[in-house]
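*Asks:* Here are the chains, one letter per residue:
There are 2 protein chains.
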Amino acid sequence: MLKMKKKISERTIERLSIYRRYLKEIQAQGKSRVYSHELAKVVSGTAAQVRRDLMEVGCNGCSSKGYEVESLIIEIGDLLDCSEVENVALVGVGNLGRAVLGFFSGKKENFDIVAAFDSNPDKCGRIICGRRCYHMDDLQEVFQKNRISTAILAVPVEEAEKVAKTLVEAGVRAILNFAPTHLTVNNDVFIHTLDMTMELEKTIFFSRQNLNLKEG
Amino acid sequence: MLKMKKKISERTIERLSIYRRYLKEIQAQGKSRVYSHELAKVVSGTAAQVRRDLMEVGCNGCSSKGYEVESLIIEIGDLLDCSEVENVALVGVGNLGRAVLGFFSGKKENFDIVAAFDSNPDKCGRIICGRRCYHMDDLQEVFQKNRISTAILAVPVEEAEKVAKTLVEAGVRAILNFAPTHLTVNNDVFIHTLDMTMELEKTIFFSRQNLNLKEG
DNA sequence: TTTTGGTTGTTAATTTTTTCACGTTGTGCA
DNA sequence: TGCACAACGTGAAAAAATTAACAACCAAAA
Ligand SMILES: NC(=O)c1ccc[n+]([C@@H]2O[C@H](COP(=O)([O-])OP(=O)(O)OC[C@H]3O[C@@H](n4cnc5c(N)ncnc54)[C@H](O)[C@@H]3O)[C@@H](O)[C@H]2O)c1
Ligand SMILES: NC(=O)c1ccc[n+]([C@@H]2O[C@H](COP(=O)([O-])OP(=O)(O)OC[C@H]3O[C@@H](n4cnc5c(N)ncnc54)[C@H](O)[C@@H]3O)[C@@H](O)[C@H]2O)c1
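Protein chains in written order, with my numbering: chain A, 1 to 216; chain B, 1 to 216.
No wet-lab data here; the hints were simulated from the structure.
Here a beta-carbon is modelled for each residue, glycine too, at the ideal position from N, C-alpha and C.
Honestly, I wouldn't trust all of these hints.
The list that follows gives simulated cross-link-like pairs (lysine to aspartate or glutamate, EDC-like), each with its CA atoms no further than 20 Å apart [unchecked claim]:
#	chain 1	residue 1	chain 2	residue 2
1	B	Lys-41	A	Asp-188
2	A	Lys-107	B	Glu-158
3	A	Lys-7	B	Glu-199
4	A	Lys-7	A	Glu-70
5	A	Lys-24	A	Asp-78
6	A	Lys-24	B	Glu-158
7	B	Lys-145	B	Glu-84
8	B	Lys-165	B	Asp-188
9	A	Lys-108	B	Asp-195
10	A	Lys-107	B	Glu-199
11	A	Lys-107	A	Glu-25
12	A	Lys-24	B	Asp-188
13	A	Lys-123	A	Glu-109
14	B	Lys-108	B	Glu-84
15	B	Lys-107	A	Glu-158
16	B	Lys-41	A	Glu-161
17	B	Lys-7	A	Glu-199
18	B	Lys-7	B	Asp-78
19	B	Lys-24	A	Asp-188
20	A	Lys-162	B	Glu-25
21	B	Lys-145	B	Glu-169
22	B	Lys-107	A	Asp-195
23	B	Lys-107	A	Glu-141
24	A	Lys-162	A	Asp-195
25	B	Lys-123	B	Asp-137
26	A	Lys-31	B	Glu-84
27	B	Lys-24	A	Glu-158
28	B	Lys-108	A	Glu-158
29	A	Lys-107	A	Asp-81
Pair ranges (Cβ atoms, derived) [what the hints assert, rightly or not]:
#	chain 1	residue 1	chain 2	residue 2	range
30	A	Lys-65	B	Ile-26	51 to 61 Å
31	B	Pro-156	A	Arg-11	43 to 53 Å
32	B	Lys-7	A	Asn-60	34 to 44 Å
33	A	Glu-158	B	Ser-64	44 to 54 Å
34	A	Asn-187	B	Gln-27	41 to 51 Å
35	B	Glu-159	A	Pro-156	40 to 50 Å
Let the hints inform the model, and build the full structure from the sequences given.
*Replies:* Here you go:
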């Protein structure tokens, strides 16, 4: 019988990813151990919260020496990463898509953007940031050949819903969506919409909020 | 005496921004009324949650007719927006910065990117996406002249901390940070770090998680 | 007019998340 | 060795967020 995995909250996953980024950073600087309160600073949280998060990955910290950086990286990886490198596709090679492609492709060890897609014939067939850009017609085939199950969606908002449907039909299991719209798709596909306008509006709001708190 | 504003959670602010985006969308389509359960779908939430969020803006829905789209847009705006258009600066006009500049500048009614900055002399003095790109040396002056209190930070990660310090010195009150690093600055500056790698790792993680839930 | 059906505003209950608190443990030093 | 210190792991408490529940209300149909 498969052991029942307790489900881990989205918030914890976010923080684990950030811990790992920081851990790799300090590892490169030669640090081999880290305390919970150091990790706490990176996520603007508390040491207790960090310890609790790390319990999820099966903690093995050591009193008064803290956590071992290297094994923590491995353990977080065991939880977050797939056994093999995850192949990701980028759909929509416009201004944002190109930036994202350049930023990610070939840079990460746990995932990689292996193919790009666009409906504009001028962009298809070319190599962009070291990755081939295919026409949308080839999507299904390339997805299957490369076992792609995650896509980054960066097409115009009017096209997003339609393209998402295509992706689902091609067997995608998760979409990181940059188009500012809610995508309604099959239930078991995980959609994460990253709405930059919302993020900026929030930032602006809290810039004033902070001010009010100071004054009030 | 100023009335004590109850503080509103970050989550609620996020959703209000998304409700508004959707409201404007359906307003353009000619809809004049909306129900809480329609808004709920857009944020993948429940109707109760929507009604609760809307209480924060002073709700004035009507039984069995729902909410009036137009007045809801205005009321959310009263809460989220400043009295005048908020002037925002973009710092770091690279691949991502250019995409962001093109996406936002001149497109929004409640805020606008009015100036860009870069340390690369080749980019300074030019007009990029309709906005002037200044040298970093002019930052303080341009910030004061344009009453800029919010900045989007899109410089390389190694530069982020240093540039953030410059921004704080220039009087910025909030930073939307795209560099994947924790910025430690003065306490009363609101920092919101948007870590795309984390967002993608989360997406990949939950793509597998969904699968497990199905199987388990 | 009265009933029916569906929605809002709001309080109460529940669930989730965070924080606290403290016993335990490893380290370093006298 | 023994003591002081600081950090960990974790159950319990607290806080925050979400969901449920329901009276009041409105519109439309009977
Ligand atoms: N640029 C930004 O900084 C930014 C910020 C926030 C959100 N977004 C969102 O991200 C998305 C992309 O933004 P952008 O600035 O890169 O836009 P863009 O217009 O520069 O790029 C869109 C790309 O999608 C391609 N495309 C159009 N229809 C397609 C289809 N049906 N199938 C496949 N490809 C198609 C186009 O050929 C183009 O290359 C938009 O939804 C936008 O709202 C962008
Ligand atoms: N491109 C992406 O899609 C993407 C995704 C996630 C995160 N990021 C992050 O966003 C940031 C920008 O990414 P990018 O791809 O646009 O990088 P980029 O190298 O294309 O652009 C960086 C820009 O910053 C400028 N710059 C460098 N030092 C500066 C300084 N001290 N002051 C002012 N300007 C300076 C450079 O001249 C350049 O124009 C990076 O921190 C990156 O990690 C980018």
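*Asks:* Taking the hints in turn, state whether each one holds.
*Replies:* Status of the hints after comparison with the structure:
1. B/Lys-41 x A/Asp-188: With a Cα-Cα distance of about 16 Å, the restraint between B/Lys-41 and A/Asp-188 holds, given a limit of 20 Å.
2. A/Lys-107 x B/Glu-158: Distance ~16 Å between A/Lys-107 and B/Glu-158 Cα, so the pair holds.
3. A/Lys-7 x B/Glu-199: With a Cα-Cα distance of about 18 Å, the restraint between A/Lys-7 and B/Glu-199 holds, given a limit of 20 Å.
4. A/Lys-7 x A/Glu-70: Violated, because 25 Å separates the two Cα atoms, which is more than 20 Å.
5. A/Lys-24 x A/Asp-78: 15 Å, holds
6. A/Lys-24 x B/Glu-158: The given pair, whose Cα atoms are some 15 Å apart, holds under the 20 Å limit.
7. B/Lys-145 x B/Glu-84: Answer holds: B/Lys-145 to B/Glu-84 is near 15 Å, not above 20 Å.
8. B/Lys-165 x B/Asp-188: 13 Å, holds
9. A/Lys-108 x B/Asp-195: 14 Å, holds
10. A/Lys-107 x B/Glu-199: 16 Å, holds
11. A/Lys-107 x A/Glu-25: Answer holds: A/Lys-107 to A/Glu-25 is near 15 Å, not above 20 Å.
12. A/Lys-24 x B/Asp-188: 29 Å, violated
13. A/Lys-123 x A/Glu-109: Violated - the C-alpha atoms of A/Glu-109 and A/Lys-123 are around 27 Å apart, more than 20 Å.
14. B/Lys-108 x B/Glu-84: Holds - the C-alpha atoms of B/Glu-84 and B/Lys-108 are around 13 Å apart, at most 20 Å.
15. B/Lys-107 x A/Glu-158: Distance of about 16 Å is within 20 Å: holds.
16. B/Lys-41 x A/Glu-161: 15 Å, holds
17. B/Lys-7 x A/Glu-199: With a Cα-Cα distance of about 18 Å, the restraint between B/Lys-7 and A/Glu-199 holds, given a limit of 20 Å.
18. B/Lys-7 x B/Asp-78: 15 Å, holds
19. B/Lys-24 x A/Asp-188: 29 Å, violated
20. A/Lys-162 x B/Glu-25: 17 Å, holds
21. B/Lys-145 x B/Glu-169: With a Cα-Cα distance of about 15 Å, the restraint between B/Lys-145 and B/Glu-169 holds, given a limit of 20 Å.
22. B/Lys-107 x A/Asp-195: Holds: B/Lys-107 and A/Asp-195 sit about 15 Å apart, inside 20 Å.
23. B/Lys-107 x A/Glu-141: 37 Å, violated
24. A/Lys-162 x A/Asp-195: Satisfied, since the Cα-Cα distance of roughly 18 Å is no more than 20 Å.
25. B/Lys-123 x B/Asp-137: 13 Å, holds
26. A/Lys-31 x B/Glu-84: 48 Å, violated
27. B/Lys-24 x A/Glu-158: Holds, at roughly 15 Å.
28. B/Lys-108 x A/Glu-158: With Cα atoms ~18 Å apart, B/Lys-108 and A/Glu-158 stay inside 20 Å; holds.
29. A/Lys-107 x A/Asp-81: Distance ~15 Å between A/Lys-107 and A/Asp-81 Cα, so the pair holds.
30. A/Lys-65 x B/Ile-26: 51 to 61 Å: 57 Å, holds
31. B/Pro-156 x A/Arg-11: 43 to 53 Å: 28 Å, violated
32. B/Lys-7 x A/Asn-60: 34 to 44 Å: Holds, since B/Lys-7 and A/Asn-60 (Cβ atoms, about 39 Å apart) stay within the stated range.
33. A/Glu-158 x B/Ser-64: 44 to 54 Å: 33 Å, violated
34. A/Asn-187 x B/Gln-27: 41 to 51 Å: Distance hint for A/Asn-187, B/Gln-27 is violated at roughly 29 Å.
35. B/Glu-159 x A/Pro-156: 40 to 50 Å: 31 Å, violated
The structure fails to meet hints 4, 12, 13, 19, 23, 26, 31, 33, 34 and 35 from the earlier list, while all remaining hints are met.
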